Amino acid sequence: MGPINKEAVQAALNEFENQDLYLHLETTNGAYAAHRQESQMAVCAYIRNGRIRYHRGVVSGDGPFRVGLKMDQGWVYAEGLTDYEVDSEGRLLMAGHDREGRLAVALELSRTPFRV
Amino acid sequence: MERHVLVVFPHPDDETFSSGGTIAMHTQAGTPVTYVCGTLGEMGRNMGKPFFATRESLPQVREQELREACQVLGIRDLRLLGLRDKTVEFEDREALAERIRDIILELKPSLVITHYPGFAVHPDHNALGAATVRAVEMLPKDQRPTVHCSAFSRDAREKLGYPDVINDVSSVLDVKMAAIRAHRSQSEAMLKNLEEQLAKNPDAARRMEAERSKESYYTYRFAD
Numbered sequence: 000m001g002p003i004n005k006e007a008v009q010a011a012l013n014e015f016e017n018q019d020l021y022l023h024l025e026t027t028n029g030a031y032a033a034h035r036q037e038s039q040m041a042v043c044a045y046i047r048n049g050r051i052r053y054h055r056g057v058v059s060g061d062g063p064f065r066v067g068l069k070m071d072q073g074w075v076y077a078e079g080l081t082d083y084e085v086d087s088e089g090r091l092l093m094a095g096h097d098r099e100g101r102l103a104v105a106l107e108l109s110r111t112p113f114r115v
Numbered sequence: 000m001e002r003h004v005l006v007v008f009p010h011p012d013d014e015t016f017s018s019g020g021t022i023a024m025h026t027q028a029g030t031p032v033t034y035v036c037g038t039l040g041e042m043g044r045n046m047g048k049p050f051f052a053t054r055e056s057l058p059q060v061r062e063q064e065l066r067e068a069c070q071v072l073g074i075r076d077l078r079l080l081g082l083r084d085k086t087v088e089f090e091d092r093e094a095l096a097e098r099i100r101d102i103i104l105e106l107k108p109s110l111v112i113t114h115y116p117g118f119a120v121h122p123d124h125n126a127l128g129a130a131t132v133r134a135v136e137m138l139p140k141d142q143r144p145t146v147h148c149s150a151f152s153r154d155a156r157e158k159l160g161y162p163d164v165i166n167d168v169s170s171v172l173d174v175k176m177a178a179i180r181a182h183r184s185q186s187e188a189m190l191k192n193l194e195e196q197l198a199k200n201p202d203a204a205r206r207m208e209a210e211r212s213k214e215s216y217y218t219y220r221f222a223d
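Protein chains in written order, with numbering that gives the first Met the number 0: chain A, 0 to 115; chain B, 0 to 223.
No lab work stands behind these hints, which were simulated from the structure alone.
The structure presented is a predicted model; accordingly, all values stated were derived computationally and were not measured.
No residue lacks a Cβ here, since even glycine has one placed at the ideal position from N, Cα and C.
There could be a bad hint or two in this list.
One-sided excerpt, in silico: chain B residues whose CB lies under 7 Å from chain A [said to hold, decoys possible]:
| hint | residue |
| --- | --- |
| 1 | F50 |
| 2 | R54 |
| 3 | H121 |
| 4 | N125 |
Chain B on its own, in the form it takes in the complex (with noise of 0.2 Å):
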């Protein structure tokens, strides 16, 4: 059992969709898990089906849906760094990683999860991975948390291998999907899609279900 598990994600939706099943499994087991979201999400292009948010509206509405979606999965604590969508990567990587260095300085996690930096797609996941690898590569070695990085462009699998870590969160899957649901700006259309499928395309219905009941993680490997 982790002491404490310290999430580190850009935008709100990224800690559900990527991990929401690995931290309802911590919650329930009684640890402590914060959440250290980088942006609002502000420029995201869902905006709910039929649209209900607007360009101006949608931080408030994201603010609001990632509060749910926290209180679903567990999370108690939850940190909002103040960058903004889009704009990570142009931020001055060593102060971020300063930011959250005393933030790990501060909850001492067993365990970090992030992107996994330069193989998470969007530029805004790959700078925060990048940053908070750089944050726990500050602490000397053996004060270190263990780092878990999600990582899901093309290549993952020729360059990294095969994740080491592999959770599988079918025991919570009805709370994962409540926090997807919680975030119903960005996930009501790929909702209403998914039913779609289901009625016409069962089996590949299934096969989704099968790799949300899947959340994979590569242990980050320091050079020293």
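Isolated chain A (complex conformation) (with noise of 0.2 Å):
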């Protein structure tokens, strides 16, 4: 995984477009946000496995990135993006990394199931 190339995040999305994929989404400030500072509060959302099809895919941004998926019905959105690969198993992943190299945000599209 290495910094995000605009142009090839682009081609890999609309390579999925169309098609019944699996959708992994998440977002996290850690388990211990709360415990570090009583200000704050753990927050944290995924989905793994997420049944979507999408007819347009769109990066924008100039870094860290944000990329919307138009469905028939609804939409997939993720902001803080700065990473991607397409992994030995042709699946998009797309992550957000901090300064300290902590996930803080994925978006992953696969033809087939993520593992669970």
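Dock the two chains into a complex; use the hints.
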């Protein structure tokens, strides 16, 4: 996984258009956020193996990047994406890492289910 | 000396950060230690610094790191429960407790180390700690091993008082540090910060080292 190349990510998003896909979408600030600083609260949400199909997928911004996937009935959205890879299984993995290298957001697309 | 120590925590690295020294002292004394690890920490956000793991490669990375840490600590029996990070509290607690009880019946440990339910910050810690306490509670009173619970929530001191077991692990601190380094994806950022601290503020760094040299537990008191 390395820094997002906008053209390469756009090309990958185009390749996933109009197909039944599996989605991994998450955002997290860490399970210890509230423990480390009381004014904070731990926030996390994830969907693993959500089924989606989109007809328009766009990567936007100058980095960190945003991705929007337009579906017949709704949207998938992620902000803060910094890195990507198309892995050996042909999945598009995108993530946003902070300065400590910690993952803060992830958006991944696959034609086969992600391992649980 | 304990006959057999059973350690039950949900994530690869919980054993090292909370109990690495205690485990090393037991294994060096010749006591077998079994680690029952609930998940592979699949949803951890530390990926190394600079990051080298992805959300999808993290489980394999962490399992490998865990096996290395176990080797460093002298743990010869590692068992993975196959649960998923962040979801332990949503599992059927009684069924989970039965799985742990079966392991206790098989190994007959004299000591069980786990998280103190309600006082261990991460929901997975609290849930697996509760299932482990429940597992011991299922046994007849005279067959129950001692249970030492790790508690580090902000209200632990206020609500539980001072821990009654404080292990000085300074004699095996190098082993504990090697196990921390083995959990590279999870410890790299922390260790780099520590090095910077050490250069900037040696006193604070020394205090942190002193803290790592002590591992404290509350002996769980069963209602009956």
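Against the structure, the hints come out as follows:
no. : hint : result
1   : F50  : holds, 4 Å
2   : R54  : holds, 5 Å
3   : H121 : holds, 5 Å
4   : N125 : violated, 11 Å
When held up to the earlier numbered hints, the structure conflicts with hint 4 and nothing else.
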